[in-house]
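K.L.:
Full structure from sequences and hints, please.
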Amino acid sequence: MRLTKLFTKTSKTAPADEVAKNAQLLIRAGYVYKVMAGVYAYTPLGIRVLENIKQIVREEMDAIGGQELIMSSLQKKETWEETGRWDDEVVDVWFKSKLKDNTEVGFGWSHEEAIIEMVKQYLESYKDLPINVYQFQTKLRNELRAKSGIMRGREFVMKDMYSCSVDEAQHNQFYNDTIDAYNRVFDRLGLGDDTYVTFASGGAFTQFSHEFQTVCEAGEDVIYVHREKNIAINEEVLDEATLTKLGIEREELEKVKSAEVGNIFNFGIQKSKDTNFTFTNAEGKKQHVYLGSYGIGITRVMGVIVEKFSDDKGIVWPVNIAPAKVYLVRIGEQAAIDHADELYSELLEKNIETLYDDRDVRPGQKFADSELLGIPYRVTVSDRLLADNQYEFTDRKTGETSLLTRDQLFAKIS
RNA sequence: CGGGGUGUGGCGCAGUUGAUAGCGCGCUCGGUUUGGGACCGAGAGGUCGAAGGUUUGAGUCCUUUCACCCCGACCA
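First residue of the first sequence? That's 1 in this note's numbering, and the numbers climb one at a time after it.
Be a bit skeptical, because a hint or two may be false.
Claimed, not checked - Lysine-lysine pairs mimicking DSS-like chemistry, simulated, CA-CA at most 25 Å apart:
#1 Lys-96 - Lys-34
#2 Lys-313 - Lys-147
#3 Lys-308 - Lys-229
#4 Lys-397 - Lys-350
#5 Lys-147 - Lys-308
#6 Lys-12 - Lys-34
#7 Lys-120 - Lys-77
It is worth saying that the hints were derived from the structure and are not from the lab.
P.N.:
The structure is reproduced here in structure tokens:
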């Protein structure tokens, strides 16, 4: 992408009404545009980051047998009345509206009931199981208060997966597979070292649910981390009984603030009883489906990454999710322009995603923007360097700069 | 929803006891510059969040309202 073609621009100042670091940096760099409190649009740069995150999640979900689909945003009242969750007294985040003929509809704040209703149409026999489906969906929630930039909005993207299993054993297998898959996801997102499988309050069927909590000052939760065992306990379930059950001493735990980036639930057969969700077993009898639910907050993860990976100059994207791998700076007259154009073409041919700063602005501005945008590798082409057939390479994370030949350069960034 | 705070050109801000609405950044044009956000000159751009009121006169005072931020509560 040539910067002269990119309609968004960077800004030296952040809007006064944004306090959260993630929102300040993402807005200044032009990744997101604020529409209203808790509602953000994603620009061409922002959507690249989101798509990179989604792709990592997608690959790991597919690897454990997930099938991607996409449900609708508009939902039927009847779907939710069956479980008693249409009631505003029960679910207080509903956005609701009416069709022209006064039929009530809701905007999806969750898709649990909706997906069950759909899968019902296809599931008949035990031979059809397991069924594990997931989607990336924009959830709409009428939160009383939005906060922390894109980390807690009224509209946000979530990966939600639902597992339908024959029995507890099949369910547990998938549940554990998902824990492993989530760990791989957070490793690939660069959050692995600071993300803990966390024991949290469970549903009706199990004592605990598992949350994936990333240590983060801007988070809303408080967890107690056991670094050696690589697990954590949410403050809300921390008591002697829990400690005993997990075989942990209170002194071994470290209290930290964290952000919930994922959450997995075991519904048992409670939910399929509520929704009359059954299949025919080998004996020809109706049997309730064993259900699980597994979420990852895609947009929240993006916010958490910015909170954790940034410095006084801007964002520092992990290479895996950066909107581009290389930020190409050109400095100088026609010879440098031609050379940079040619290098850019080669980078494109080699499928190395590049932001090409072809603007006619001073070098300092290009360097500053490359840092604010947080692109992992900066490559500079200039008259001065051309004379020695060299390229300047700068690593965003370490700030280290080196002069490289063309071969060395491609070896670094390929 | 309870408490606190803020709304003035695109962005960040100033605006005194009520009297012609300003500054910085950004933007446009011309020129000089070109390895860390340049400089000079000339411009464009605001019904001061909205509505109502007081007053000869309101950005400024009063009332109502909307939006946004923070703390708390909430977060299946």
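K.L.:
Hint by hint, say whether it matches the structure.
P.N.:
These are the hints, each one checked on the structure:
no. : hint              : verdict
1   : Lys-96 - Lys-34   : holds (23 Å)
2   : Lys-313 - Lys-147 : holds (24 Å)
3   : Lys-308 - Lys-229 : holds (23 Å)
4   : Lys-397 - Lys-350 : holds (23 Å)
5   : Lys-147 - Lys-308 : holds (17 Å)
6   : Lys-12 - Lys-34   : holds (17 Å)
7   : Lys-120 - Lys-77  : holds (17 Å)
In the structure shown, no violation is registered for any of the earlier numbered hints.
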